[in-house]
Amino acid sequence: MYDLAKRRLKANFKQSLRYLSLVFNDFFVLALIFMLGALMFWYAQALKTMPVGQNLYKPLLAVLLWLPFLAGHFVTLFEPADEHFLLTQDRQLQSYLTPLFAYSMLLPTILLIAMGGILAPFALLKVQLPVVRYIGLLASIWILKIFQLSLQNKLLYFGWHCPLWVYNLLALATIILFTYNYALGISCFTVVLLLGVLGSRTVFNWSLVIETESKRKEGVYAFYSLFTDVDEKQIVIKRRKWLDFLLPKRLGWETPQSFLYRRTLLRNPEYLNLLVRMTAFAWLVSWLVQDYRWALGLSALVLILTLYQLRSLEHVFDYHLMYRVMPIDSAWQRRSLIRVLSLTLELQAVVIIIGWAIVLPKQTMLFLYMIFLLAITVFLVRIYLPLSLGGKHETQK
Amino acid sequence: MSLKIEQLTGGYAGVPVIHDLNLTIEPGEAVGLIGLNGAGKSTTIKHILGLLRPQKGKIVLDGKELAANPTAFKQKVAYIPELPILYRELTLKEHLEMTMLAYGLDPKETWPRAEELLKMFRLDNKLDWLPIHFSKGMQQKVMIVTAFLPATELLVVDEPFTGLDPLAVANLLKLIKQAKDDGRMVLMTTHVLADAQQVVSSYAVLNNGTIETTGSLEEIREHYGLQPADSVDKLYEVLSKEQANV
Chain E
1 MYDLAKRRLK
11 ANFKQSLRYL
21 SLVFNDFFVL
31 ALIFMLGALM
41 FWYAQALKTM
51 PVGQNLYKPL
61 LAVLLWLPFL
71 AGHFVTLFEP
81 ADEHFLLTQD
91 RQLQSYLTPL
101 FAYSMLLPTI
111 LLIAMGGILA
121 PFALLKVQLP
131 VVRYIGLLAS
141 IWILKIFQLS
151 LQNKLLYFGW
161 HCPLWVYNLL
171 ALATIILFTY
181 NYALGISCFT
191 VVLLLGVLGS
201 RTVFNWSLVI
211 ETESKRKEGV
221 YAFYSLFTDV
231 DEKQIVIKRR
241 KWLDFLLPKR
251 LGWETPQSFL
261 YRRTLLRNPE
271 YLNLLVRMTA
281 FAWLVSWLVQ
291 DYRWALGLSA
301 LVLILTLYQL
311 RSLEHVFDYH
321 LMYRVMPIDS
331 AWQRRSLIRV
341 LSLTLELQAV
351 VIIIGWAIVL
361 PKQTMLFLYM
371 IFLLAITVFL
381 VRIYLPLSLG
391 GKHETQK
Chain U
1001 MSLKIEQLTG
1011 GYAGVPVIHD
1021 LNLTIEPGEA
1031 VGLIGLNGAG
1041 KSTTIKHILG
1051 LLRPQKGKIV
1061 LDGKELAANP
1071 TAFKQKVAYI
1081 PELPILYREL
1091 TLKEHLEMTM
1101 LAYGLDPKET
1111 WPRAEELLKM
1121 FRLDNKLDWL
1131 PIHFSKGMQQ
1141 KVMIVTAFLP
1151 ATELLVVDEP
1161 FTGLDPLAVA
1171 NLLKLIKQAK
1181 DDGRMVLMTT
1191 HVLADAQQVV
1201 SSYAVLNNGT
1211 IETTGSLEEI
1221 REHYGLQPAD
1231 SVDKLYEVLS
1241 KEQANV
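Just so you know, the sequences run in chain order E and U.
Using our numbering, you'd call the opening residue of the first sequence number 1 and step up by one each time.
Using our numbering, you'd call the opening residue of the second sequence number 1001 and step up by one each time.
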């Protein structure tokens, strides 16, 4: 079991490294350096002007140091098939979980060191904590995290345990008390640690463990997917009945493909989130530049990028078995895509224009630029898109 | 109007799984395609559905050859897969509408039939739900309802009884009988011969990628030398021994 955990950790590390290298690409690192630099500059300036020893400082410091404590779940790397294949291995599971426990401490430790370092000037100069107490506070939070993960380990089994949220709240109380009084803090610290230790382990709760691990993995994939395509990410289709008003009322207006494309756009989060993100981005940059020409150029760029990414919709059903079995004429595929994307992009342009009316200075010229954006959109979807798609062969069914 | 499979050789990426397969289904006939796992039943079905390209031979339905006119051929075929294959983004109602669009059915004329089928399989109060959230049995019922919506000449049914409750099995058998009575053709693969016997008029035994024999269950028993006291399932033992000797 120990070897299995090691193998899974190795595979998980390899996968994380692959995605992290995509997330932290050159551009993002550069942007991050600038943002961190700006934040540190603001922080240094703020420290110069902040008064010393305000009442709110200690609870604020405690809450900020509590955040890395909350980060990082117990990584179990269990897979759905384990419920079947490892069902008889209940007694050996602790040897499986030992290396994973150490791995689970990695992220909170890094975050705690980083947060502790960033907050050190504030804690030492403005809160006026003695150095030893501040280091003791950080060490206590680290120990509290170890016991919290130990509690999470116990929660994998049926039996009585302290609820995790109770432990987390008591940990916050401990951190706050530490900042005020060493003795009170240590007393509370001992009680919280005891709560982490207490509890009984009976039978391994496979269903809960696999569900929890699956949710944890989905959370990680959701983060990666903000920056890159993640094959492992599960797509959760939602009904979103409230968007049904965007669908044609009569079946006669539809082709099989347009029928599918419209519902995919509205119910598949990959496409709907893309549309929402891009539209929000157009609003944001328009608000930041506060200039009609720049807003027009950048919003047009957003529309082009949206169109470019939505074109993948054309092939989304190519490997769906029933789509291939049904008598669906492939000649309709391109026409249906153009029809659906035209309406989508035109609607997106209208929403961007509504955003402009809110965030840009209200002058007569604004109306002119709104017309320009609509004209660009119409050109994109009615002229450019059919031309760019027409050059390729029809999809074979 | 009949299904004719002539000298069909096919499989995956140049590896033939079925060899020189010949099969004819006449109107009003339900043929049971039986054989061990890996005998080539699914491969045969995939060829009939146009999902695989034959290396040799042809498939003709009602005078239309699959290779020459796939869309017109598919217009005459409905399929119930072994495991439900649904559109994740569509509700139950939209699955029915999608079937109407694909087969070019008039919604006004088709909805009464759809409602009848939905009631039969107790799905009539779930029209607005996404079937991907249904249980496996209910999902299979969606596949049955959509397959029986168009009155296609040929109905291909792959292991139809998997995951269905006895009531749904009885209703499915009733629909297949009705289809036969209407002069439609049915090709069904199954291992549950006891249920299949209620609707299947003749069987085709597929072994080692080719049809060894066709006929009624009695003729099949005779072909494989089964005694009157032997259960039909003993046929699989004989086929397994034959496979081992190849």
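Think of the hints as simulated: they come from the structure by calculation, not from any bench.
For clarity, every value in this text was computed on a predicted model and none was experimentally measured.
Where is the CB? At the ideal position from N, CA and C, for every residue including glycine.
One thing to keep in mind: the hints can contain errors.
[Stated by the list, open to error] In silico PhoX-like cross-links for lysine-lysine, where the CA-CA straight-line distance does not exceed 20 Å:
1. U:K1004 <-> U:K1093
2. E:K238 <-> U:K1136
3. E:K241 <-> U:K1093
4. U:K1064 <-> E:K249
5. E:K238 <-> U:K1004
6. U:K1093 <-> U:K1126
7. U:K1064 <-> E:K241
8. E:K238 <-> U:K1093
9. E:K249 <-> U:K1004
10. E:K6 <-> E:K58
11. E:K241 <-> E:K215
[To be verified] Beta-carbon label-pair distances, calculated as ranges:
12. E:A222 <-> U:W1129: 48 to 56 Å
13. U:E1218 <-> E:A81: 49 to 57 Å
14. U:P1107 <-> E:N168: 32 to 40 Å
15. U:N1245 <-> E:L208: 27 to 35 Å
16. U:Q1198 <-> E:S388: 49 to 57 Å
17. E:W242 <-> U:D1182: 40 to 48 Å
For each hint given before, does the structure comply? Return the numbers of the non-compliant ones in rising order.
Violated hints (numbers, rising): 1, 4, 5, 7, 9, 10, 11, 12, 13, 14 and 15; every other hint is consistent with the structure.
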